[in-house]
Amino acid sequence: MRRSLLPLLPLLLLLTLASLTLGLAVGSVPVPLDQVWPALWDGTSPHALVIQELRLPRLLAAFAVGGLLAVAGALLQVLLRNPLADPYILGLSGGAAVAALLAMLAGLGSYWISGSALAGAFGSMLLVFGLARGAGSWTPTRLLLTGVVVAAAWGALISFLLAVAPEHNLRGMLFWLMGDLSHGGEWRAPLALLGLGLLLLFPFARELNLLARGEITAGSLGVQVGRLRLLIYFAASLLTAAAVTTAGSVGFVGLVVPHILRLAAGSDHRLLLPASALLGGSLLMLADTLARSVIAPQQLPVGVLTALLGAPVFLYLLRREAAR
Amino acid sequence: MELLRAASLDVAVAGRRLLHGLNIAVQAGQCWALLGANGSGKTTLLHTLAGLRPPAGGSLWLRGTPLARLPRRRVAQLLGLLPQDSSDGFPATVLETALIGRHPHLGRWRNEDAADVDKARRALAQVELTALESRPSHTLSGGERRRLALATLFTQEPQLLLLDEPTNHLDLSHQMAALHHLRALADDGEHAVLMALHDVNLAVRYCDHVLLLFGDGSWQAGTAAELLNETGLSRLYGHPVVQVAGPEGQRAFLPR
Numbered sequence: 019m020r021r022s023l024l025p026l027l028p029l030l031l032l033l034t035l036a037s038l039t040l041g042l043a044v045g046s047v048p049v050p051l052d053q054v055w056p057a058l059w060d061g062t063s064p065h066a067l068v069i070q071e072l073r074l075p076r077l078l079a080a081f082a083v084g085g086l087l088a089v090a091g092a093l094l095q096v097l098l099r100n101p102l103a104d105p106y107i108l109g110l111s112g113g114a115a116v117a118a119l120l121a122m123l124a125g126l127g128s129y130w131i132s133g134s135a136l137a138g139a140f141g142s143m144l145l146v147f148g149l150a151r152g153a154g155s156w157t158p159t160r161l162l163l164t165g166v167v168v169a170a171a172w173g174a175l176i177s178f179l180l181a182v183a184p185e186h187n188l189r190g191m192l193f194w195l196m197g198d199l200s201h202g203g204e205w206r207a208p209l210a211l212l213g214l215g216l217l218l219l220f221p222f223a224r225e226l227n228l229l230a231r232g233e234i235t236a237g238s239l240g241v242q243v244g245r246l247r248l249l250i251y252f253a254a255s256l257l258t259a260a261a262v263t264t265a266g267s268v269g270f271v272g273l274v275v276p277h278i279l280r281l282a283a284g285s286d287h288r289l290l291l292p293a294s295a296l297l298g299g300s301l302l303m304l305a306d307t308l309a310r311s312v313i314a315p316q317q318l319p320v321g322v323l324t325a326l327l328g329a330p331v332f333l334y335l336l337r338r339e340a341a342r
Numbered sequence: 061m062e063l064l065r066a067a068s069l070d071v072a073v074a075g076r077r078l079l080h081g082l083n084i085a086v087q088a089g090q091c092w093a094l095l096g097a098n099g100s101g102k103t104t105l106l107h108t109l110a111g112l113r114p115p116a117g118g119s120l121w122l123r124g125t126p127l128a129r130l131p132r133r134r135v136a137q138l139l140g141l142l143p144q145d146s147s148d149g150f151p152a153t154v155l156e157t158a159l160i161g162r163h164p165h166l167g168r169w170r171n172e173d174a175a176d177v178d179k180a181r182r183a184l185a186q187v188e189l190t191a192l193e194s195r196p197s198h199t200l201s202g203g204e205r206r207r208l209a210l211a212t213l214f215t216q217e218p219q220l221l222l223l224d225e226p227t228n229h230l231d232l233s234h235q236m237a238a239l240h241h242l243r244a245l246a247d248d249g250e251h252a253v254l255m256a257l258h259d260v261n262l263a264v265r266y267c268d269h270v271l272l273l274f275g276d277g278s279w280q281a282g283t284a285a286e287l288l289n290e291t292g293l294s295r296l297y298g299h300p301v302v303q304v305a306g307p308e309g310q311r312a313f314l315p316r
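Protein sequences, first through last, are from chains A and B. Sequential numbering of the first sequence, starting at 19, is according to this note's numbering. Sequential numbering of the second sequence, starting at 61, is according to this note's numbering.
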């Protein structure tokens, strides 16, 4: 691990706390910055209700979703050995979306929508796994092609559902597709999964570094490549499923956050995985804060803002790297 | 000491049998050249010997234990492979790349310590890459990249070194330096080297044993003195080869 990069994690932790504080302060009832933290502990504060009951759960959910997506993206980029891989590339979000939209069309409540999304994500994960595994060999290219084709099929089904959906359902469906946290109250499960996932993945981080260099190199240095690939596939799928179930398909975080970090800090996954979680979480908290305040009282789906924020930052880093 | 033994080993690719019934024993102190025409199965054999693909038949023993029964990490502590080409994946520096050689020696929860970094630096010095230590590895030239791959193998410190065309992309002086170092490793009596080569004269100069692959399943193994001759090499490459004498009486082979 490069010593000079160790301050990166404390810096990202500061960014996380700053994003959290900002998110707690901003809104239809602005809270002065110096009263934000007291209001978290002190139930008698005039701002306690809005901060503890409304803003904090939503921010924690945003942090968890951003962290889950960024870590899943970093994992899939290694598994597929492809820098363009993001958590949705293998069709997981498509499966979740089709199931969630069907639940909305059936007029089911939000718990049913989340449950359907989770079932759809797992169904899609097993479908792609089975199809790619089929003949026995399991190469990154075969997995990638299978996933992309399955994702395209889900995309067609989504378009079909949108075309036949009654007018009054469309808005909710579109928001879900773009990624939206305004209905998400559930933050405990995704946050716990993010922590657990990082803890379980950390001992494999050095093996990820080797797998990124190809299976021959990894295998000759003692990595059990087949087993590691299975672990990455299921871990990334599980993390993505949790994120999609909580907030719909928030785009761009999973692609761009690991890349920003790879450009800025190299590709040691012992650093990259926790850093991705922090940066992904911060980015999504900031994006969600903007999403509910730029055109207040109306809210934007957060997925719109992740791309608007992430794209220029990424392009800037890419240009700086090329100029070096 | 016997490091590697192949017993009635069959190697096949996509149903095509490249090698049938191979029996060899590689002892510490030996340096083997693996010679054969394109497509004769040199790389596939090296990957099989390294345990990266299952043999089509027969068995492999690493220091007296069946290779298939050893954990991968243990295999990598004893046996190292220099692949024919290595790709970077994601950006990493030269030192970081050499350091991956320590992987099999580190537990899951351990990071590289100063001793590991020392080993990587010594290996980089061996291949004259010290000055490029903090360069991103994708900015290296082809030959520098090859030397970095060698340094990674040296950092791994295996007892048995399998190398797939180690001299690829190397200029004359670095070819000599690399082979000289490999020969010196074998000569210390602890290590053994088995390398696929395309240049017969490097095999003549540095190797004491050769394994010839004819691509139709047949093979010959034995001492270099015995097997490297005009008839054998002409058959191996399907092109007439003549032996000439160098200025100091060394043997050398030229295509006719």
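Treat the hints with care, as some may be off.
[To be verified] Derived DEER-like restraints, expressed as beta-carbon distance ranges:
| no. | chain 1 | residue 1 | chain 2 | residue 2 | range |
| --- | --- | --- | --- | --- | --- |
| 1 | A | 149 | B | 304 | 54 to 64 angstroms |
| 2 | B | 114 | A | 151 | 53 to 63 angstroms |
| 3 | B | 114 | A | 218 | 38 to 48 angstroms |
[As the list claims (entries may be wrong)] To spell it out: a stretch of chain B is covered by chain A in this simulated footprint if at least three of its residues, at any positions, have a beta carbon under 8 angstroms from a beta carbon of chain A; those stretches are:
| no. | region |
| --- | --- |
| 4 | 140 to 147 |
| 5 | 258 to 270 |
| 6 | 301 to 307 |
Quick caveat, the hints were computed from the structure, so don't treat them as lab data. Fair warning: this is a prediction, and the values are worked out from it, not measured in the lab. Virtual Cβ for every residue (Gly too), placed ideally from N, Cα, C.
Going down the list of hints, with the structure as the test:
no. : hint                                : result
1   : 149(A) x 304(B): 54 to 64 angstroms : holds, 59 angstroms
2   : 114(B) x 151(A): 53 to 63 angstroms : violated, 18 angstroms
3   : 114(B) x 218(A): 38 to 48 angstroms : violated, 30 angstroms
4   : 140 to 147                          : holds (count 5)
5   : 258 to 270                          : violated (count 0)
6   : 301 to 307                          : violated (count 0)
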